[in-house]
Structures are given as structure tokens and as C-alpha cells.
Amino acid sequence: MSTNQLTQASRRSLALTLKDGLWDILLGSFFVLLAIQEPLEKQGLKIWVSYLPAILTMGLGLPIYYMLKRKFVVPRMGLVKISLRKNKARRWLLGLAVALQIVTLIIFILAFRGTLGNFVSAGFSWTIDAFFSVAIFGFFAFMAYTMSTSRFYVYGILLGSSPLLGLLLNTDEVVSHIPTFVAGLAMVLLGIATFRAFMKNYPLAEQEEVNG
Amino acid sequence: MAKKNAEELHPLADLDRLIHSPARLMVMTYLYVVESVDYVYLTHLTGLTWGNLATHVNKLEEAGYVQIEKTFVDKKPYSVINLTKKGRQSFKAYKQQMQDVFDDLPD
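Chains A and B are the protein sequences, given in the same order. Residue numbers for the first sequence follow numbering that gives the first Met the number 0, so the first one is 0 and each next one is one higher. Residue numbers for the second sequence follow numbering that gives the first Met the number 0, so the first one is 0 and each next one is one higher.
Only chain A is shown next, with the shape it has when bound in the complex:
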């Protein structure tokens, strides 16, 4: 009984939580709506209003996600509680996610206040996009490995390449968000396909199976 086998057991336990594809739909929707923030702002909406769809996706999306999990997934997949205390991989994922969000928030605040103006005009804006590309790809790749879910490598590549592709397409600020839109849409569509496969492959458990 090696530590490696326990790690594999841990990864398999986490992998089953992503079998339904609901997380892909939620996250993909967020990125799709994030991508349309720029066109909305160009229509004359205030910047905070243009971010509202993306914010609402997570705000309303999370309760809907948990409701769908309880209604459709739990009766088929069962219940599992994976604590941070017993699962090192989950602690690392949460830590990375929080760190990435803090860095994003800092850069957003700096950009909003115009502090990054000189940095950008000196031609170094590509370093911010490169940082986000690497960080996003790294996060999704780590998630794909620790949760044994290979489609997250694809999301990492699609979302990770979006900032740099957007920079290459920067002839038009609206067009530069197309890669993020496409990546988000791919996640939503793959999530829907995964959910359909899940509903087909995991029938409802008999009551005696539920109660043991």
C-alpha cells in the first residue's frame, strides 16, 4: 500500500465529482459573458453594468448548479464529502484559485485607476497577457491532473491561449475577445454533452442501494 496508490484513490474520488459536466457549463457561461463585456461597454453601458452578466452568472449560477446537483446528480452518482483536511490536492487547487483571483483583482484595480497606463504605453501589456495565459493554463492543467479529468487540459489550452490570441487580434477591441468567447462556448457545449452522457450512463440508484 503505497502513498502513490492513496493519491490515485484521492484523484479518482475527485474525478467522479466532475463526471456530470455541470461545472463546465457554469464556468463556460461565465467566460462567454465575460467576453461580451467589451462589446456591451462599447454600446454605451457603464463598465460595472457591462460586467454584470458575468457576475450574475456566478451569483445566480452557483445556487442553480447546486440545485441541479441535488436533483439530478446525487440520485445517480451518490453523495461524497471530500474535506480539505484529508485532501492535499484540493487544498492546493483552492489555494491556486484564490491566489489567481487576488492577482486578477489587483491588476483590475490598477488598470481601472490608470496606474498601469505607463506600463501599457511602454509596450509591456503583452507581459500581463502572457502571465494570465501561463497562469490560466497552469491552473487548468493542475486541475486536470489532480482530478483525473483530461478535458480540463483542453480548457486550459483554449482559455490559456485566449489572452495572447486576443492581443494578436487587437486591431479591434471587440474582436480581441473572440478567443475567450469561443473557449467559453466550447466549455458550455462540452459540458452539455458530458451531462447528457452522464444521464445516460448513470441510471437512478435503487432505494435499497441508497440505503445499503
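By construction, these hints were calculated from the structure, which means they are not laboratory data. Remember, it's a predicted structure, so these values are computed and weren't measured experimentally. Some hints here could point you the wrong way.
Stretch by stretch, here's where chain A covers chain B in the computed footprint (C-beta under 8 Å, at least three residues) [what the hints assert, rightly or not]:
(1) 24-31
(2) 34-46
(3) 71-78
Calculated cross-link-like contacts (lysine to aspartate or glutamate; reagent style DMTMM-like; alpha-carbon spacing at most 20 Å) [stated by the list, open to error]:
(4) B:LYS69 with A:GLU205
(5) A:LYS80 with B:GLU34
(6) B:LYS75 with A:GLU37
(7) A:LYS87 with B:GLU34
(8) A:LYS68 with B:GLU34
(9) B:LYS74 with A:GLU40
(10) A:LYS70 with B:ASP73
(11) B:LYS58 with B:ASP15
(12) B:LYS91 with B:GLU61
Partner residues are not named here, just some residues of chain A that face chain B (Cβ under 10 Å, in silico) [unchecked claim]:
(13) LEU5
(14) SER9
(15) SER12
(16) ARG69
(17) MET76
(18) LYS80
(19) ILE191
(20) PHE194
(21) ARG195
(22) GLU205
Heads up, the beta-carbon is just placed ideally off N, CA and C, and yes, glycines get one too.
Following the hints, complete the assembly by docking chain B onto the known chain A.
For chain B alone, coordinates are given in the frame of chain A:
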């Protein structure tokens, strides 16, 4: 035949036979890495049929290695299983015993 004293016994002689069965070892391994899990999730993890799983979980419960609690999700009852302190300690001891034996083997 003379009785061997404790020092002469092979390290595997007093292996926990309750854990040392492929199905129960799988169950204990998964219970070790999660907080709690129900029968349905455990059948998906282990690939055991629910009847087979129920038999092994009952044996582990009789030995005090696992405990089963009833919980409700959307007013439906679920039986949730987790390792007891005794179960966790026994599994750690089993894990250490196996590791010691294999570490001592030549390449």
C-alpha cells in the same frame, strides 16, 4: 513444533485479515481519502455490486472500523459511511506494515 515467539514471527503474520481482502482494502482505501461517502458513490468508485459492497461494509462496521449514518437530501434518506478512529488507525497500521515488508525486499 515449538511455538515461535513474537520476534521470530514474520511481519505479515499478524496482518489485519479484515482489511487484507481485495474488496475491503478498496473500500478502506477510498474511505481513508474522503470525509464520508454513501453506498452509491462507493459502488462507482470500487466497481463492486451493491450487494457485495453491503456485505463487506457490514463486516467492517461489526469490527468498528466504519460507521454508517442516515442523512437526508431533498427529503430522501441516504446511508453515509465514514471511517471511525479505530478504522483509521487500523488502516494506517496496515499500510505501514505492508510498506515495511516491501521496503525490505531486495530489488
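- Task: Assess, step by step, whether the Cα of LYS58 of chain B is no farther than 20 Å from the Cα of ASP15 of chain B, and give holds or violated.
- Result: The given pair, whose Cα atoms are some 13 Å apart, holds under the 20 Å limit.
- Query: Is it true that the CA of LYS69 of chain B sits at most 20 Å from the CA of GLU205 of chain A?
  - Reply: Judged against 20 Å, a Cα distance of about 16 Å means the pair holds.
- Message: Interface hint check: LYS80 of chain A, Cβ to nearest Cβ on chain B, cutoff 10 Å. Holds or violated?
- Response: It holds, given that the least Cβ distance between LYS80 of chain A and chain B is near 4 Å, below 10 Å.
- Task: With a cut-off of 20 Å on the C-alpha distance, tell me whether LYS70 of chain A and ASP73 of chain B pass.
- Result: holds, 8 Å
- Message: At least three residues with a C-beta closer than 8 Å to a C-beta of chain A: is that true for the segment 71-78 of chain B?
- Response: Holds, because 6 residues of the segment 71-78 of chain B bring their Cβ atoms closer than 8 Å to Cβ atoms of chain A.
- With chain B as the partner, please determine if SER9 of chain A meets the hint condition of a C-beta pair closer than 10 Å. With a closest approach of 4 Å, the SER9 of chain A hint holds.
- Could you grab the alpha-carbon distance between LYS68 of chain A and GLU34 of chain B and see if it respects the 20 Å cut-off? holds, 19 Å
- For the pair we were handed, LYS75 of chain B and GLU37 of chain A, check the Cα-Cα distance against 20 Å. violated, 46 Å
- Message: Interface hint check: ARG69 of chain A, Cβ to nearest Cβ on chain B, cutoff 10 Å. Holds or violated?
- Response: holds, 6 Å
- Proposed interface contact between SER12 of chain A and chain B, which counts if any beta carbon pair is under 10 Å: holds, 5 Å
- Message: The hint names ARG195 of chain A as touching chain B; please verify it with the least Cβ-Cβ distance against 10 Å.
- Response: Constraint on ARG195 of chain A not satisfied, violated at 18 Å.
- Check whether three or more residues of the segment 34-46 of chain B sit with their beta carbon closer than 8 Å to a beta carbon of chain A. Held - the segment 34-46 of chain B has 11 residues with a Cβ nearer than 8 Å to chain A, which meets the minimum of three.
In summary, the numbered hints that this structure violates are 6, 9, 19, 20, 21.
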